[in-house]
Amino acid sequence: MNWKEAAVVWARSRWKPMFIFTAACLLIGEQYPFSNFPMYSSFGSSTYYLYLGDGMGAPVASLETIGMSTPTLKKVFSTEMRKERERLQIRAGELTPEQKQLVGERLLARLKNSPAARQRGGPKPEILRLYEVNISVRGGRFEKQTELVAESR
Amino acid sequence: MNLRPAPIHFAWYERLAMRVLFALVLERHIPASLSHLTITAPNGVARIIDVRFLLEPSVFAVGRSLLLAALVLYVLRVGWSIALPYITLFSIGVGTIINSQGAISHYLQIVSLVLLAQTAAHFYSLSGKGKAAASEGLSREDLLVNWSQQTIAAVYLVSALTKLIHTKGAWILQSPLIAVQIIKTTEQDYYDRLHPAGLQAGLRVAEWITLHPLLVMLIMTGGLLLELSAPLLLLGRGWAACYGLALVAFHETVGRVMQLHFTYNEYLIWIYLVNVPFWVWLGWRRMRERFKRPDSAA
Chain L
1 MNWKEAAVVW
11 ARSRWKPMFI
21 FTAACLLIGE
31 QYPFSNFPMY
41 SSFGSSTYYL
51 YLGDGMGAPV
61 ASLETIGMST
71 PTLKKVFSTE
81 MRKERERLQI
91 RAGELTPEQK
101 QLVGERLLAR
111 LKNSPAARQR
121 GGPKPEILRL
131 YEVNISVRGG
141 RFEKQTELVA
151 ESR
Chain H
1 MNLRPAPIHF
11 AWYERLAMRV
21 LFALVLERHI
31 PASLSHLTIT
41 APNGVARIID
51 VRFLLEPSVF
61 AVGRSLLLAA
71 LVLYVLRVGW
81 SIALPYITLF
91 SIGVGTIINS
101 QGAISHYLQI
111 VSLVLLAQTA
121 AHFYSLSGKG
131 KAAASEGLSR
141 EDLLVNWSQQ
151 TIAAVYLVSA
161 LTKLIHTKGA
171 WILQSPLIAV
181 QIIKTTEQDY
191 YDRLHPAGLQ
201 AGLRVAEWIT
211 LHPLLVMLIM
221 TGGLLLELSA
231 PLLLLGRGWA
241 ACYGLALVAF
251 HETVGRVMQL
261 HFTYNEYLIW
271 IYLVNVPFWV
281 WLGWRRMRER
291 FKRPDSAA
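Going down the list, the sequences are from chains L and H.
Following the working numbering, the numbering of the first sequence begins with 1 at its first residue and continues without gaps.
Following the working numbering, the numbering of the second sequence begins with 1 at its first residue and continues without gaps.
In silico contact screen, one side only, chain H against chain L (beta carbon under 8 Å); selected entries:
(1) H36
(2) T38
(3) G44
(4) T96
(5) G102
(6) I104
(7) H106
(8) A117
(9) W147
(10) Q150
(11) I178
(12) D192
(13) T210
Output of the computed footprint for chain H on chain L, the stretches with three or more beta carbons under 8 Å from beta carbons of chain H:
(14) 44–50
(15) 113–124
Reference excerpt, derived from the structure (chain H facing chain L, CB under 10 Å, subset only):
(16) N43
(17) A46
(18) Q101
(19) L108
(20) V111
(21) A120
(22) A121
(23) A154
(24) V155
(25) L157
(26) T185
(27) A230
No wet-lab data here; the hints were simulated from the structure.
Beta carbons: idealized from backbone N, C-alpha and C, even for Gly.
Starting from the given sequences, assemble the full structure and let the hints guide the process.
If you want it as structure tokens, here you go:
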């Protein structure tokens with residue numbers, strides 16, 4: 001099939017909108033309203049999430065404190081970590097625990113005083129902590145490790 | 001088998017139901033206010049245009065009132081050249097802000113994309129090229145519904161292709177590792193409100209998955225094939241309804257197991273794919289024919 005024949009086939013195709021939207025979503029990626037819908041597009045043997053705690057280490061309901069869900073909290077933290085890596089021009093490797101702590105402290109301070117926290121959140125503990133939980137599976141057994149990332153007063 | 005999408009002529013009651021239901025979805029997908037949000041990581045058009053004016057409560061209230069007026073026009077099939085672009089732009093603006101907090105969510109895209117498709121279909125039908133569709137007996141609204149269906153198919157096809165691209169085709173082999181993700185989403189759900197109700201169930205599902213990896217691969221293959229073959233839903237009413245119900249079952253399963261809910265996807269599937277009014281009408285007609293008394297037929 002030469003390009004002229006291909007053009008005729010394309011012109012007669014009733015599937016054009018689907019092809020155009022498919023191509024646009026794959027090429028443009030995560031730019032609203034387009035998306036390549038990458039959620040759970042690959043799986044590793046480990047993952048992590050974040051949660052909030054008070055000064056005693058007891059968990060705090062994130063929706064009722066800062067007006068933000070824990071999946072969103074993880075995504076926001078991940079974006080801030082990426083921005084920090086770009087700022088420090090770290091191309092490979094992770095931030096040091098100290099750099100990560102600084103990102104966490106800035107994020108906690110921002111979230112505590114955010115419009116969402118003011119409008120949707122309830123009372124906040126005097127000390128708010130950010131914890132990271134790493135989950136992995138090895139030999140059919142789950143392992144969990146929790147570490148304190150940052151705290152804000 | 002004919003693999004050309006079948007042009008479907010929708011009856012007036014189907015089109016009316018679709019317009020009313022989609023308008024209700026559109027009203028619902030716009031929050032009452034955006035003042036609780038801030039733009040910390042601009043996404044989409046927010047990278048080019050400053051959309052912070054929508055965070056202003058008074059501006060947003062006016063925008064929302066205009067949206068309601070546009071939705072009334074949409075349902076009445078009046079002034080679509082103004083109403084559809086406005087609804088689309090407002091939906092994209094709001095979705096852009098929601099996704100500009102440094103966290104991308106994926107529950108709204110399908111609504112804005114279907115709106116984009118409907119706006120494009122509307123103006124296409126007004127153009128000279130749109131007369132080709134009219135020559136097949138398709139009304140402007142039939143074209144809008146068809147392009148909406150094509151957009152829904154595209155969303156699922158993209159999701160499947162991304163899985164294959166990101167894993168170089170090994171998504172099925174990796175799939176039993178979803179157990180780790182289930183523990184994550186279950187515990188995230190707990191830390192949202194500290195309600196422990198779903199914790200044990202999530203853990204049990206994750207443990208079951210690690211014990212039955214082959215069965216999990218088989219189930220996940222079904223889900224991937226369903227997404228990958230989504231274009232088949234364009235082959236006719238029966239295909240659309242069967243695919244629609246399968247996709248609803250897929251979303252309900254994911255919702256129960258992983259606490260990930262795609263409510264707007266389900267709404268659009270019910271409206272544009274399952275299309276309950278048509279099947280109710282068909283069932284009623286068949287019943288009437290079956291129970292028609294022989295003497296009345298004579």
